[in-house]
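Assemble chain H onto chain R, guided by the hints.
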Amino acid sequence: MIRFLLKGILRDRSRSLLPFLTICFGVMLTVVLYSWMKGAEANIAESSARFDYGHLKIMTRAYAEEAELIPNELALVGVSELMAKLAKDFPQIEWTPRIKFGGLLDLPDEKGETLVQAPISGLAVNLLNPPTPEKDILNLENALARGRLPQEAGEALLSEELAQRLGIKPGSVATIISQTMTGSLALANLRFVGTIRFGIQVLDAQAILIDLADAQRILDMEDASGEILGFFKDGIFRQKVAEAIVNQFNASFSQSSDRFSPIMKSLLDQGGLADLLAMVQSVYSIIIFVFVLAMSVVLWNAGLMGNIRRFGEIGVRLAMGEDKGHLYRSLISESLIIGCLGSIVGTLGGLGIAYYLQVKGVNVASIMESSSIFISEVMRARITWFSAVVGFIPGLGATLIGSTLSALGVYRRQTSGLMKELEAY
Amino acid sequence: MENNRLILTQKLTKIYSMGQHQLYALKEVDLSFGPGEFAGLVGPSGSGKTTFLNIVGSLDIPSKGKVEVLGRQIETLSHKQAAELRKRHIGFIFQTFNLLPVYTVFENVEFPLILLGVPASERRQRVMEALEWVKLADRANSRPSQLSGGECQRVAIARAIVKKPALILADEPTANLDAQNSHNILQIMVRLNQELGTTFIFATHDEKVIGYLKRKITLVDGKVTKDEIFSSPPVMEGHHESP
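If you're matching them up, the sequences are chains R and H in order. At position 158 of the first sequence (counting the first as 1) the number is 158 in our numbering, and the numbers step up by one without a gap. Just remember that our numbering sits 1000 ahead of the position in the second sequence, which is counted from 1.
Here chain R stands alone, though its shape is the one from the complex (with noise of 0.2 Å):
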């Protein structure tokens, strides 16, 4: 029957192209969108991991309640022998210190006397002691737009947007004013060896990048760091290996009520990030929802419209003795058989589209201006296993709805009428 079927479908175009198209076009639709979605939710948890909140962090609690505040007075101290145990402890995660600063960057003219001055982010990573994971972790070879890294103490990187715009050149030393650890005013001079660009709005417009034993030294942060980040060696983000992590870690200092004892948090656990995810997912699920109702509604029609085309063969099967639930369920598998078809096509496209835009991407920097989020300029899709099932759930639900609202005209046929309706057929 089956096959009888198909050969129907396969030489009946009008009855079957309209459906086999709209399932194709929203399946493909679908799956861009999810892969694109996916693609921003990878962009934000990535790009957020990447320069803030780490796979996982510790900081104090002190520093932790006030985070957004960069309390460096609050800092861990001893890293030495904390980093040693965590190493010891959880020897999966790869843990680097951190140090973010504010200030103001000050370059001189050729007097010493201030020429320009301008608002900085700084951010302090090992960059100079081996082994360092930093390097791979901010992707600093590409992020290079002009100069070079770092070889050396007293130097520095800084985002290539600030130096056009201060215009300072690759081998310019200019001075950072900040405040020490204690609250005193911190001042050094730092040679800029490059200009670097992340792609990322929030720290493009002002960061300066140095190293972390500068940044100590300045800071008067000996031995000290305001956070300390871990990244799973892999650099994939597991958050169930990160929950056990950051429980058996807080319950070794659940005991302590000092301010200063550390705390650890998993990159979901910061900024609000699972309710960002949570949110995001929400969209593509409402998207996929609306696309099942409007896809139902269309394919509803289709069937209704295929129905009134077939009333001549349908009476007739009816007639012939095909029981009504058997020609319901036909019509069904007809649909479902076109559902199938247009699911994997629209599969098929939508894999390739998510695909380029996995590849190349989509420069969004003009919508980031204002951002404040850790989010890459550049949003790509990212194509999952579920990529390739996700558009089945539209092209097979929708058909289904759809089909078996408009199949339902089967059971309000009256047999009785069956001889004159196809006499007039």
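Each hint should be verified, as a subset may be incorrect.
Distance windows between CB atoms, simulated [said to hold, decoys possible]:
| # | chain 1 | residue 1 | chain 2 | residue 2 | range |
| --- | --- | --- | --- | --- | --- |
| 1 | R | Q281 | H | S1121 | 50 to 58 Å |
| 2 | R | R13 | H | D1030 | 51 to 59 Å |
| 3 | H | E1228 | R | Y411 | 38 to 46 Å |
| 4 | R | I2 | H | E1228 | 46 to 54 Å |
| 5 | R | N363 | H | N1141 | 56 to 64 Å |
| 6 | H | G1117 | R | V362 | 51 to 59 Å |
| 7 | R | Y411 | H | L1196 | 31 to 39 Å |
| 8 | R | T384 | H | E1129 | 54 to 62 Å |
| 9 | H | G1117 | R | V297 | 30 to 38 Å |
| 10 | H | E1228 | R | L21 | 58 to 66 Å |
| 11 | R | I2 | H | P1035 | 35 to 43 Å |
Derived list of chain H stretches under chain R, where covered just means 3 residues or more per stretch with a C-beta under 8 Å from a C-beta of chain R [unchecked claim]:
| # | region |
| --- | --- |
| 12 | 1080 to 1086 |
| 13 | 1107 to 1118 |
Just a few of them, taken from the derived set where beta-carbon distance is under 10 Å, the chain H residues facing chain R [unchecked claim]:
| # | residue |
| --- | --- |
| 14 | T1051 |
| 15 | H1089 |
| 16 | I1090 |
| 17 | G1091 |
| 18 | F1092 |
| 19 | T1096 |
| 20 | L1099 |
To be clear, the hints were calculated from the coordinates, so they are not data collected in a lab. Quick reminder that beta carbons are idealized off the backbone N, C-alpha and C, glycines included.
For chain H alone, kept in the frame of chain R given last:
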């Protein structure tokens, strides 16, 4: 069911409600048909011919009276049982052929066997046999749109006989055919009736069909006014065209 009785109607009455009025399509019709009959219901439009076929074909139920077809009481059958009766034992031939346009001749004839769950190899053999009967074996792969009206009706006959039903109900089968094709079709049906013993009941007011009938039942206003049996239908002696 008695051995020599295929259909029995007792006081068969069909009433249609038309607002406040009631229209009697059939009034207390008592008829009986045996195996191998070649009978026709004749009469003007609205005399109840098609209503009678509808009820005997288990497409409708009587308002009053009893109808027994192949031992089953039509008025007591569920939709499913009625469909099963049609599927296995009753073939239909319509005025407008009603072939499935996207399928070939072979596939159109094959369809009733697919419904019956006949295996593919047996289907092929039986379809070709049916097409041989109507002299269309060489058009098995054609589509209905490539056939003439007469050929389409022959395909419809093949579709009706392929499952070897006990009863074939034909509603104005020649209404859309010219005289020559009408005679050809009727000769095929006569031959099937004689060689396979299939019972044919026609609803018609076409004189060409009436000329082939062995039994002519005249209906007027839902009542049987005449029931004539012919030992030798006169037209059979003068027509020998093959399709």
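So, going through the hints one by one against the coordinates:
1. Remark: the range hint 50 to 58 Å for R/Q281 to H/S1121 is upheld by a beta-carbon distance near 54 Å.
2. Roughly 52 Å separates the CB atoms of R/R13 and H/D1030, a value that falls within the hinted 51 to 59 Å.
3. The supplied range of 38 to 46 Å is met by H/E1228 and R/Y411, whose beta-carbon atoms lie about 42 Å from each other.
4. With their beta carbons about 50 Å apart, R/I2 and H/E1228 fall inside the hinted range of 46 to 54 Å.
5. In this structure the hint that R/N363 and H/N1141 lie 56 to 64 Å apart at CB holds, the actual value being about 58 Å.
6. Checking the proposed 51 to 59 Å range against H/G1117 and R/V362 shows it holds: the Cβ atoms sit about 56 Å from each other.
7. One distance hint, 31 to 39 Å for the beta-carbon pair R/Y411 and H/L1196, holds here, with the actual separation near 35 Å.
8. Under the hint 54 to 62 Å, the C-beta atoms of R/T384 and H/E1129, about 57 Å apart, fit the expected range.
9. Checked against the given bound of 30 to 38 Å, the beta carbons of H/G1117 and R/V297, roughly 36 Å apart, stay inside it.
10. At about 60 Å, the CB distance of H/E1228 to R/L21 agrees with the hint of 58 to 66 Å.
11. Against the hinted window of 35 to 43 Å, the Cβ-Cβ separation of R/I2 and H/P1035 comes to about 37 Å, which satisfies the hint.
12. Check result for the region 1080 to 1086 of chain H against chain R: holds, 6 residues qualifying (beta carbon to beta carbon below 8 Å, three or more required).
13. With a cut-off of 8 Å between beta carbons, the region 1107 to 1118 of chain H has 6 residues touching chain R; three or more are needed, and the interface restraint holds.
14. This hint holds: H/T1051 has a C-beta 9 Å from the nearest C-beta of chain R, less than the 10 Å allowed.
15. The interface hint given for H/H1089 is met, as the beta carbon of that residue sits about 9 Å from the closest beta carbon of chain R, less than 10 Å.
16. A cut of 10 Å between beta carbons decides the hint on H/I1090: the least distance to chain R is about 7 Å, and the hint holds.
17. The restraint placing H/G1091 at the interface with chain R holds, with a minimum CB-CB distance near 8 Å, inside the 10 Å limit.
18. Checking H/F1092 against chain R by beta carbon gives a least distance of about 5 Å; that is within 10 Å, so the hint holds.
19. Evaluation of the H/T1096 hint against chain R yields a held restraint, the C-beta minimum of about 6 Å falling below 10 Å.
20. Below 10 Å, beta-carbon pairs count as interface contacts, and H/L1099 has one with chain R at about 8 Å; its hint therefore holds.
The structure fails none of the hints (numbered hints given earlier).
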